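S.K.: Put chain B on the given structure of chain A with help from the hints.
Protein sequence lines, in the order shown, are assigned to chains A and B.
392 is the number of the first residue of the first sequence in the numbering used here; add one for each residue after it.
392 is the number of the first residue of the second sequence in the numbering used here; add one for each residue after it.
No wet-lab data here; the hints were simulated from the structure.
There's no promise every hint is true.
For chains that are exact copies, the list does not tell them apart, and a pair is met inside one copy or across any two.
[Unchecked claim] Using 30 Å as the maximum straight-line C-alpha spacing, the simulated DSS-like pairs for lysine-lysine come out as follows:
hint : residue 1 : residue 2
1    : Lys652    : Lys471
2    : Lys741    : Lys685
3    : Lys588    : Lys666
4    : Lys471    : Lys595
5    : Lys495    : Lys526
6    : Lys735    : Lys495
7    : Lys685    : Lys453
8    : Lys648    : Lys701
9    : Lys495    : Lys666
10   : Lys463    : Lys652
11   : Lys493    : Lys741
12   : Lys666    : Lys543
13   : Lys646    : Lys713
14   : Lys681    : Lys514
15   : Lys612    : Lys573
16   : Lys651    : Lys573
17   : Lys651    : Lys495
Owing to the predicted nature of the structure, the values given are computational and were not obtained by experimental measurement.
2 protein chains.
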Amino acid sequence: MKIICTKSDLLHGVNIVSKAVPSKTTMAILECILIDASTNEIKLTANDMELGIETRIIGDIKEKGIIALDAKIFTDIVRKLPDNDVTIETDANLKTTITCEKAKFNIIGKSGEDFSYLPYIEKNYYISISQFTLKEVIRQTIFSIADNDNNKLMTGELIDIKGDEFKVVSLDGHRISIRNIKLKESYDDKKVIVPGKTLIEISKILTGDLSSEVKLFFTDKHIVFEFDNTTVVSRLIEGEYFKIEQMLTNDYETKVKINKKELLSSIDRATLLVKEGDKKPIIINILDGKMELKINSFIGSMNEEIDITKEGKDILIGFNPKFLIDALRVIDDEDIDIYFVNPKAPCFIKDAEEKYTYLILPVNFNSVAN
Amino acid sequence: MKIICTKSDLLHGVNIVSKAVPSKTTMAILECILIDASTNEIKLTANDMELGIETRIIGDIKEKGIIALDAKIFTDIVRKLPDNDVTIETDANLKTTITCEKAKFNIIGKSGEDFSYLPYIEKNYYISISQFTLKEVIRQTIFSIADNDNNKLMTGELIDIKGDEFKVVSLDGHRISIRNIKLKESYDDKKVIVPGKTLIEISKILTGDLSSEVKLFFTDKHIVFEFDNTTVVSRLIEGEYFKIEQMLTNDYETKVKINKKELLSSIDRATLLVKEGDKKPIIINILDGKMELKINSFIGSMNEEIDITKEGKDILIGFNPKFLIDALRVIDDEDIDIYFVNPKAPCFIKDAEEKYTYLILPVNFNSVAN
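So here's chain A without its partners, still in its complex pose (with noise of 0.2 Å):
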């Protein structure tokens, strides 16, 4: 094989595929970036099994082949290199000469065979979204997925398709993170759980471009994602997911407006009295036109006040810090609305249209204590 590309492009597929190599594997093949110009295109792919991404790049094939390099070295040395044409260029012993100006690399390659490829999909049936979108959503939900694998269902997030609505879900037992979208166009229904490492990895890659589309294909076992040059195949995650639709209610006995931005940075700063590992929930106190936010921890207390509009009743609530956090940093209005039932009963963080709903369990806590 010998191809000719520019550093840049050639950076710029590595860095794409890379997020597909495993960290730790006991196959050293997976560790691979295979280079395939077996055809009239060069493409890069990198495949851990769950997750695959191929990317195809822009060169000058002066010699068909294919080769498999370590892709830790071969990302490094293509960072480094100077800014001009590469050249790649392997011999029957699969040693591999990556040229660049007066810098010549060599380092002994994998053959190509031993590779496994992107398993083939049908694809008949795809809906379209846009990468901005499909980037927000991703970020505005994958923060609640669980972090341990006790549960495989909740390492994952559901994507619900019905008509012409695109809907995000994730759970981990403790909170509920749904964001609604609009498609342009209604499809055929379509429900799976997409493992939250491929959302992850999907939205590093995602360009966040407003005009530019992303295509989404599904089978039974895994989903597609077509964008720009490149394909990412991802096993799905099986099994049936949680039933949501009887934890959400629309009933509250206390309604509050509040700045999320003053919100936010007071929960933030009562969190420095929290060390890692130490569980003490942050105590609202919400009374007509005030909320009253207050913790006590071995370091000391914090207690401040923002101003609110409230409907209906008093209430006095406990959180876990944290999961406030999390939900108030990704949501973009300046002003939010949150519902409260009770103090046992989970509070929601929603706008008026339902684009997103966030669903917080409270904690107990000693009101006397506090």
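M.R.: Relative to the frame of chain A, chain B by itself:
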């Protein structure tokens, strides 16, 4: 005590003195920042017994007093306060209330009387140098102090003043870094060894302003740096520094003029192939008009050529690439001169006026294997 100052003034002061708070100590009082408003000014102090920093901040003293507050918690709180006036008030039980807008923190302080104030230093004689210059000479020499305590002298830097010459030296047994500065005036001779840690911390505080001066005071056991509203006091390292003059020579067999950036990039690329702890030398072959660089490791090999201007003999010599990189990174010149004697003698990177001199010992290598 009751004081009022702006969040930004307070944060600026806290960030400065924090540099002298030890990360680990058995004496809880050393983990504190002392706020001293017992006179007509507000002083913040931290002191780890080796290094002490005091800075004055602007503010309003409503009630005189002193208090010592845990540095980490206090810094975190100040950092997250709204950008407005901050009131700090203490009561007889050392309960400290920090108020800013509607946020109010309560933490327990420690008695200021237990705090170790900075030692009193007689300030008769001082030398003056710009913040910019001091920051630069530290940056350009600090990397070659020893990183372990086996030889205490090597963990510090020599500051050697003779007339109007200000010389800074560091060495670690494999290399020597020397910076020479011309002072505006002549001073009495002075030779002290300053702990590397002191210099690292002080260079973080220095603004690097060309027009702002630092005053250096000396005693038998201490050095004092005074600049802006800040005083830094550090113990000196006791002992006789190494005689470096006998290691320096102006004789050479080969002189090379080379573009610094090209050389640095090339060595930087080569080190990709060297894993941590793997002591592979970079082999440099100097011929008429070109320098060949070569590295071989278990991962692969790299070679590269750089155009040079050469005087004298050809030479083949090996170096620890890190030592070359460290020196090249801090040199600001576009082209540099490197002087060689033979493959077993140190090379010298220095400018014509010897404002800087970097001596680096070569390493043995098997020229057949490479």
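S.K.: Determine for every hint whether it applies to the structure shown.
M.R.: Verification of the supplied hints:
no.: 1; hint: Lys652 to Lys471; verdict: between (41 Å within a copy, 13 Å between copies)
no.: 2; hint: Lys741 to Lys685; verdict: within (23 Å within a copy, 62 Å between copies)
no.: 3; hint: Lys588 to Lys666; verdict: both (28 Å within a copy, 29 Å between copies)
no.: 4; hint: Lys471 to Lys595; verdict: both (22 Å within a copy, 29 Å between copies)
no.: 5; hint: Lys495 to Lys526; verdict: neither (39 Å within a copy, 38 Å between copies)
no.: 6; hint: Lys735 to Lys495; verdict: between (67 Å within a copy, 28 Å between copies)
no.: 7; hint: Lys685 to Lys453; verdict: between (69 Å within a copy, 27 Å between copies)
no.: 8; hint: Lys648 to Lys701; verdict: within (6 Å within a copy, 75 Å between copies)
no.: 9; hint: Lys495 to Lys666; verdict: between (51 Å within a copy, 19 Å between copies)
no.: 10; hint: Lys463 to Lys652; verdict: between (41 Å within a copy, 25 Å between copies)
no.: 11; hint: Lys493 to Lys741; verdict: between (59 Å within a copy, 26 Å between copies)
no.: 12; hint: Lys666 to Lys543; verdict: within (29 Å within a copy, 37 Å between copies)
no.: 13; hint: Lys646 to Lys713; verdict: within (21 Å within a copy, 62 Å between copies)
no.: 14; hint: Lys681 to Lys514; verdict: neither (55 Å within a copy, 56 Å between copies)
no.: 15; hint: Lys612 to Lys573; verdict: within (25 Å within a copy, 73 Å between copies)
no.: 16; hint: Lys651 to Lys573; verdict: within (25 Å within a copy, 56 Å between copies)
no.: 17; hint: Lys651 to Lys495; verdict: between (55 Å within a copy, 19 Å between copies)
Hint compliance for this structure: hints 5, 14 are not met, and every other hint is.
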